[in-house]
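Two chains, two separate frames, one set of hints: put the complex together.
Line by line, the protein sequences give chains U and Z.
Positions in the first sequence are counted from 1; adding 77 to them yields my numbering.
Positions in the second sequence are counted from 1; adding 173 to them yields my numbering.
Calculated directly from the structure, the hints in this document are not laboratory data.
Only a predicted model underlies this, so the values are computations on that prediction, with no experimental measurement involved.
All residues carry an ideal CB built from backbone N, CA and C; glycine is no exception.
You can trust all of the hints, since none of them are fake.
Taking beta-carbon pairs under 8 Å as the criterion, some of the chain U residues facing chain Z (in silico):
id, residue
1, Thr157
2, Ile171
3, Ile206
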Amino acid sequence: MIYAEYLVLAFLGSIAPAIAINIEKRLLFWAGLGGMLGVLVVLLIKPSVDSFSISQIFAGSLAVGLYSELMAKVLRAPSTVFLIPGIFPLVPGITAYKTIEAFAGNEVSKAALLGIDTFAKSFTIAFGIMLVTAVFRFIRKKRMS
Amino acid sequence: MQMVHSMDEDKILEIAVRTGSLLLMSGAETYRVEETIVRICRSYGLSCNAFVLPTGIFVSAEGSNGSMTVVRRISHRTVDLSRISRLNALSRRIQKQKPDYRQVMAELDEISQARGYSNTVISAAYALTAFVYVLFFGGTLVESAAAVTVGTVLGLLRFLFRQGSSFPFIEYSLGGFVSGILGSLFSLIPGVNPYLVTIGALTNLVPGVALTNGIRDLLQGDIVSGISRLGEALMTVFAIAAGTGMGIAAWSLTGVI
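If we strip away everything but chain Z, and leave its shape as in the complex, we get (with noise of 0.2 Å):
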């Protein structure tokens, strides 16, 4: 056997589930993760399984000493597309070229520490998303002038929740009445409709990752991740419409509208 081709039975492990909680971690499907890991694994000549749900990783190897198993629980998931291609280019060429350890950790490492857009970006993305949609919704340049406003706080909260949210749907309720209440605020402008303004901005929350991923999770056969994912999908919606309703009934208290 070539020296290029023998690795430790660990650190093809480490290698191939290291990629799989990142690509887990970036947003990508279930299927795709269980797939990468064990191509990774194959490429090396380790043969496993791997069985993973949108929390957690588990992969099972036979190696010469008997089996080793590797438990990964994915506690934080953010969406990053970038990663997620970049990651499948990876895997595509370890299977290829079956680069050794240190140069597979390198890049692992890279990926990991890659930023995308700047925070800048990412919050005038927040607002322009708010700005369009007022307008497709039929508003006035007005409104979504408003809007914009909102959806500039949309995205400066989502950098605050960044640092380490847990429970996702805080946040999603927060975002709503957040912009419950600033959309009414908006009210005061005469001929500003509040409701189109929360909607507008709201329109950044839109759960439009988890409902793919677990369409593409059920049709592929995983009932676990698909139904969990659409469940998070309906949740996030929930939790949205709570706190807009808080948002706005807050601001009705005042008794200004």
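Here chain U stands alone, though its shape is the one from the complex (with noise of 0.2 Å):
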């Protein structure tokens, strides 16, 4: 399958941003699998690696959201830790750089666009992220009263 090697890019690519922000070295793996599910997905809701959709990039922060809340049960550690790590893969960075691209080619309309398309892909995946939280905080709330 070709899309192994982006699967591999995606476990690296959650765990070198970790390191940068000092994560404990027990919980380098789980942060690295959280990003690779992530991107598997996106990849099983659309085989396409070209530049995300904006439904790719929701089902796969859900994902990110989910695992995150799970693990930081199973291991016990803050859910930011696996969610920040996660989110790296998703990141609407082809997008970026066309926006960049159009920018310093001068083709304004066509960067204005792009840069709408950028923001609402980032946006999604802040959504995203938002709502698994809200459920679990919401079950969390009605198991404790």
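Set out below in structure tokens:
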């Protein structure tokens, strides 16, 4: 499968930023796995790596959010530890670079459209995480009361 | 009352505020800091109220000689996830075992001085991030090798600023500027897309922590903290974008591309 390469890249691409924010060594592997899972879901939705669509990113960030909240329970660590590295592979880098390319080439109207695309995709990541966190917090509150 | 449980009220407050400010300086969410301060005070039998913003901590406790207040300004923040989880473990241990003042302070000293990964490893992580994301965005091996150089420079830049940057946005624009110029420099190699190299390296600066913490604060009802953290994330992105734009513009002034 040609996408295996992307899964490996996603794994490494979650581990490396995790080191930069000083994650505990015992959690390093699990943080990488979260990023890989996100990209796996993205590719299951639509097997294309050209530039992730909004629906792909949304599904991916839901998966990363779910994984993080569950692993936080299993490994007794704050869920942010898995969440932050996990969303790195979903960051709309391709759209961002096309935006810069368009700006540098003085194609402002194209750049504006691409800029909105980049912004919307980043917002999608935020919204996906927000949804999962809100649901988990709701369940926890229900259980407490 | 047992001896272990009695501790001067100002010392209880000192422990709580010190733990809280270490948490906040390591990039913990606002509600986590507030909960920890209140939990520590309560463990030693002191009732207190904590109000935490990303830039400061306010704690007021009902002492036997009237109320006591501590205000602690936080000007420098980094992200250190292992420190957060160690402080979390400490606060849970305080709740269960109620260790004495000297013991807690010794442990806090140890945590605040603990070194995580070495500078070399962190620079390597920056380089690896750049390398991986150029390939992930569809670049060639030559392009990702170029990005490794830019990523390493970004890693070194981080140590330069760690000494004391009170205004992190300058750091981010400078990061963008350097990536923009260096990325353009690599366009001299035939077949290399300078923008791909630049973005791959800049993935290192994605404000993931500010974004996730902002969302979590908002959901917790800490509106002020949540909005300011999301604002920080947005400002960071703008700072990087402006820096990158200036870097690319500076390069194009030379007339090579």
